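K.L.:
Sequence:
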Amino acid sequence: MEGAQEKPSESSSSAPGSIESTGLARGPEVLPPEESEGCTRPLETASKKLCGYLSKFGGKGPLRGWKSRWFFYDERKCHLYYSRTAQDANPLDSIDLSSAVFDCKADAEEGTFEIKTPSRVITLKAATKQVMLYWLQQLQMKRWEFHNSPPALLAAPDAALAGNEPALRLELEQEEVELEEFLCPVKTPPGLVGADAALQPAPAMPLALQNISLKHLGTEIQNTVYNIRGNRQAQGTGHGSPGDDSPQSREPQKEEQPPVPDPSAPGKDPADSLKPTPKSSLTANLIQKAKRQNNTFPLFAEGLTRNRTAQEKALALEQQVLMLTKELKSQKELVRILHKALGAAQQEKRATSAYLAAAEDKDRLELVRHKVRQIAELGRRVEALEQERDSLAQTASLREQQVQELQQHVQLLMDKNQAKQQVICKLSEKVTQDFMHPPNKTLVPPDAATRDFLSQQEKMEHLKDDMEAYRTQNRFLNSEIHQVTKIWRKVAEKERALLMKCAYLQARNCQVESKYLAGLRRLQEAVGSEASECSELLRQLIQEALQWEASEASADTVELNPISEYDEYGFLTVPNYEVEDLKLLAKIQVLEVRSHHLLAHEAMERPLRERWAALGELAPSLELKQLLRMGVSQEHRPRVWRWLVHRRLQHLQVPGRYQELLSQSQTCKHPAARQIELDLNRTFPNNKHFTCPTSSLPDKLRRVLLAFSWQNPSIGYCQGLNRLAAIALLVLDEEESAFWCLVAIVETIMPADYYSKTLTASQVDQRVLQDLLLEKLPRLMAHLGQHRVDLSFITFNWFLVVFADSLISNILLQVWDAFLYEGTKVLFRYALAIFKYNEEEILRLQDSLEIYQYMRFFTKTICNSRKLMNIAFSDMNPFPMKQLQQLRTVHRERLEAELRELEQLKAEYLETRASLNPVMPEGCTSEDEGDGEA
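Under the numbering used here, the first residue of the sequence shown is numbered 92, with each subsequent residue one higher.
No lab work stands behind these hints: they were computed from the structure. In this text, all values refer to a predicted model and were calculated from it rather than measured experimentally. Beta carbons: idealized from backbone N, C-alpha and C, even for Gly. Please note that the accuracy of each hint is not assured.
To be verified - With a Cα cut of at most 16 Å, we get these calculated EDC-like pairs of lysine to aspartate or glutamate:
#1 K220 to D557
#2 K147 to D194
#3 K791 to E827
#4 K958 to E930
#5 K521 to E549
#6 K511 to E552
#7 K196 to D557
#8 K848 to E987
#9 K511 to D556
#10 K779 to D790
#11 K581 to E236
#12 K220 to E205
#13 K168 to D187
#14 K207 to E496
#15 K216 to D198
#16 K216 to D194
#17 K511 to D198
#18 K196 to D556
#19 K550 to E520
#20 K867 to E931
#21 K581 to E491
#22 K207 to D194
#23 K147 to D184
#24 K791 to E825
#25 K606 to E457
Stated by the list, open to error - The calculated label-pair distances, taken between Cβ atoms and stated as ranges, are:
#26 T782 to L425: 49 to 57 Å
#27 L503 to D481: 29 to 37 Å
#28 E930 to S786: 33 to 41 Å
#29 R947 to Q757: 38 to 46 Å
#30 S847 to L771: 16 to 24 Å
#31 S847 to R587: 48 to 56 Å
#32 L1007 to G876: 41 to 49 Å
#33 L425 to E200: 52 to 60 Å
With the hints as constraints, model all of the structure from the sequences given.
P.N.:
Encoded structure:
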């Protein structure tokens, strides 16, 4: 900072209580230049305190007007406090600058500016325009320093200052350089701000009563009584006037060395300990009075303590010792926290060991209750983070509104400035014309011409002043918009960090709850069907766990449960099983899926979204192939699917074709219409978009299937097409796009006869899959063959509907992303990957019934989409398309030969039966004879 505050040999400051006495203020001590310059550095922070007198507009009725106030900035809270005078013990009020914006208007009174907070607008006025600009720049920097400082600096300023000061100072210097591009830095006005301003008398007001704050009358009375009491004590104990203090009497005081301050003494300020011992009782009384005021309102004392240049070096060393001592304490505190974390980890390990070693169920239930309490504690922490996130979101929205208002205001000022420039140009042209073509002197008297010229010149001077004022205002508002935008970005970054932390806590909560439910399930299996108090308690705990979502959602206004009933595409996250054991298992599955999704969201999904956003125009490439295998983000999936469908149907897609087919289905009823109506109600019963009576998707699905039945009469309709069209509708949301997606799958991606009446190609793919399983997973196939398990009962539907009924929605759509680009080869890859993913679980089952029961829902237990994708596209390699085509050819020939043999046997049987004459037994009548008699 520039100005008088940086010259300790020329200015001095004192505590608020000692400003009234001139005995301490006059006669500063003088040191040699070398010693004075070396001691200036440690006290830079004290000289940079922002304080001074400003006029504040306020009041009501006749007392409404400008009131003189002493303002002081508190760096810890980013608040601007104000009181009536610098000597007042308590502030009248404060202004929160952390969420405030600053504004100055060119057409307002000189030195007037505004501080706008979300709750109010404060109008202030400085003595001069230079002082106003100085306050605005300093307030901007203080606000930026507060937002840019780390959280530890707010909790312990002295301890964190030593470690964070270089980086913080560098960022502040960069911000100052950026602000200088908009508005040049204003020098410190001498005597009007800082500690020197407190030594000046308070600005006089026309009426004494006008300067009193009726809104804070209680604080005014407290400050007045405190000042009167201090003055009386000073007068009662003083034995000499301050003016009697001579230079000779001050020389011993200068030579006397102060005592060394004790850093460990609590409540002692190093600056106070370094002051020389006073000789007179008046001086002692004034220092005691200053200390009393410092204890009452310490904000002023920090900026007004008198600079003692004689001991500045010692003070700097003492401050460094204090900072190092506090830093050592913070390091010890960190070690203590780490010890606590280690103890907590060991305690959790012991609890797990105790649970596994517990012999009785009561002990295990007690451990389970302990886990329940831990879950509740995590829930409370998540709630606190949610509330903090909401507050940050509100703050960000307020900042956005303020930025928009400032931008509108700047636009208005620019328009006004342009209009004034046009007026100036016209006036300049007029003046030039008057000089070039002067009027007839005989017609205009000399005095009148001179007056007209002077008036025009005066107007031009006023316009120039207005232009300069608007130019200054425009620069400041640009700097304000620039800084507010940067603050908003930092708040957004903090919000994202809190969201990430909240996601990790929610994932941890899911994991703990999943372990709790798994423990309940194991206890349930161990207890079995025994009728006892433990079994009854266990059933009650399971019932509460299954109903926990509804009770928590109704009890709290903030939804803390990370499990929602439906996912983003409307599918149920928890399947509605009728068997209680399967319900508990489904809940465990969903908790694991949600936990994995939360943990992988920031690590994988956000970079994937950024890669899709940066991809630009779609074109076939290796990068696109890799991105499609990893999955398309939800916001980009409709666009990508439309491009994939159009790429396959460039020769088939005709504009207006879908509407033509719809008209044909309305005029003529297709034979498959009845079967389509029956299957509509059976389409995805676990999806709210197809079960809700008010949803429009069932009607869209009906029209898509009827249009396809006329598009491909050889197939018409086949069970399974309804699920393919439903998936396309959920993603694309448009009937025509979903229709062409169905056409692309059936007519270009899948082999011919895949959905025909004989399902020939579907049967061929099942045999091909058997061969691939024997090659890739021989242990699993040997195990299944030992128990005579036919996988086609499970896998046939996988291929027919492209896993629509098997996988959870996020993995299903990831399979579809690659399937629409690469074709049916993806189906084989993922079918093999699913069995590989669950191979060990299947090998542990030793009964065919258990294996079939497990395969009913084992695909829903897959939650790690990244692991499944790596198995499909890495572990299953090599997987050449040529091999797949050869296997299809071989098995198709075998299947067609088997079908021909069956047809031949059928024909022979019918011929044999027709050649035999049926002989009716006696006493039996044929159906025709019976009908005739009736």
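K.L.:
Does each hint fit the structure? Answer for all of them.
P.N.:
Do the hints match the structure? See the list:
For the given pair, K220 sits about 14 Å from D557 by alpha-carbon distance, which is consistent with the 16 Å threshold. Under the criterion of a C-alpha separation no larger than 16 Å, the hint pairing K147 with D194 is consistent with the structure, at around 15 Å. Distance restraint check for K791 and E827: the Cα-Cα separation of roughly 9 Å lies within the 16 Å cut-off, and the hinted pair is therefore satisfied. Between K958 and E930 the alpha-carbon distance is near 14 Å, which keeps this suggested pair within the 16 Å criterion.
Only pairs whose Cα atoms come within 16 Å are accepted, and K521 paired with E549 is accepted, the gap being roughly 15 Å. Distance restraint check for K511 and E552: the Cα-Cα separation of roughly 13 Å lies within the 16 Å cut-off, and the hinted pair is therefore satisfied. A C-alpha spacing of about 11 Å is found between K196 and D557, which places the hinted pair at or below 16 Å, so the restraint holds. Only pairs whose Cα atoms come within 16 Å are accepted, and K848 paired with E987 is accepted, the gap being roughly 14 Å.
For the given pair, K511 sits about 11 Å from D556 by alpha-carbon distance, which is consistent with the 16 Å threshold. Between the alpha carbons of K779 and D790 the distance comes to roughly 14 Å, so the proposed pair stays at or under 16 Å and holds. Between the alpha carbons of K581 and E236 the distance comes to roughly 12 Å, so the proposed pair stays at or under 16 Å and holds. A hinted pair counts as satisfied when its Cα atoms are at most 16 Å apart, and K220 with E205 qualifies at roughly 14 Å.
The suggested pairing of K168 with D187 holds, with an alpha-carbon distance near 8 Å, which does not exceed 16 Å. With a C-alpha separation of about 11 Å, the suggested pair K207 and E496 falls inside the 16 Å cut-off, and the hint holds. For the hint pairing K216 with D198, the CA-to-CA distance comes to about 14 Å; that is within 16 Å, so the pair holds. Proposed proximity of K216 and D194 is supported: the alpha carbons are some 12 Å apart, at most 16 Å.
Our distance criterion of 16 Å between C-alpha atoms is met by K511 and D198, whose separation comes to about 13 Å. For a cut-off of 16 Å, the pair hint linking K196 to D556 stands: about 14 Å separates their Cα positions. With a C-alpha separation of about 14 Å, the suggested pairing of K550 with E520 holds against the 16 Å cut-off. Pair hint K867 plus E931 holds up; C-alpha atoms about 15 Å apart against a cutoff of 16 Å.
Proximity of K581 to E491 is assessed by CA-CA distance (about 13 Å); at most 16 Å being required, the pair is judged to hold. Between K207 and D194, the direct Cα distance comes to roughly 8 Å. Compliance with the 16 Å bound is thereby established for this hinted pair. Between K147 and D184 the CA atoms are separated by roughly 12 Å; this keeps the pair inside 16 Å, and the hint holds. Restraint check for K791 and E825: the C-alpha separation of about 8 Å stays at or below 16 Å, so the hint holds.
With a C-alpha separation of about 15 Å, the suggested pairing of K606 with E457 holds against the 16 Å cut-off. Between T782 and L425, the C-beta spacing of about 55 Å keeps the proposed range 49 to 57 Å intact. As the Cβ distance of L503 to D481 is approximately 33 Å, the hint placing it in 29 to 37 Å holds. The hint said 33 to 41 Å for the Cβ distance between E930 and S786, and at roughly 40 Å that hint holds.
In this structure, R947 and Q757 meet the distance hint of 38 to 46 Å, their C-beta atoms being roughly 40 Å apart. Taken as a hint, the range 16 to 24 Å holds for the pair S847 and L771, whose Cβ atoms sit roughly 22 Å apart. The supplied range of 48 to 56 Å is met by S847 and R587, whose beta-carbon atoms lie about 53 Å from each other. At roughly 43 Å, the beta carbons of L1007 and G876 sit within the given window of 41 to 49 Å.
Against the hinted window of 52 to 60 Å, the Cβ-Cβ separation of L425 and E200 comes to about 54 Å, which satisfies the hint.
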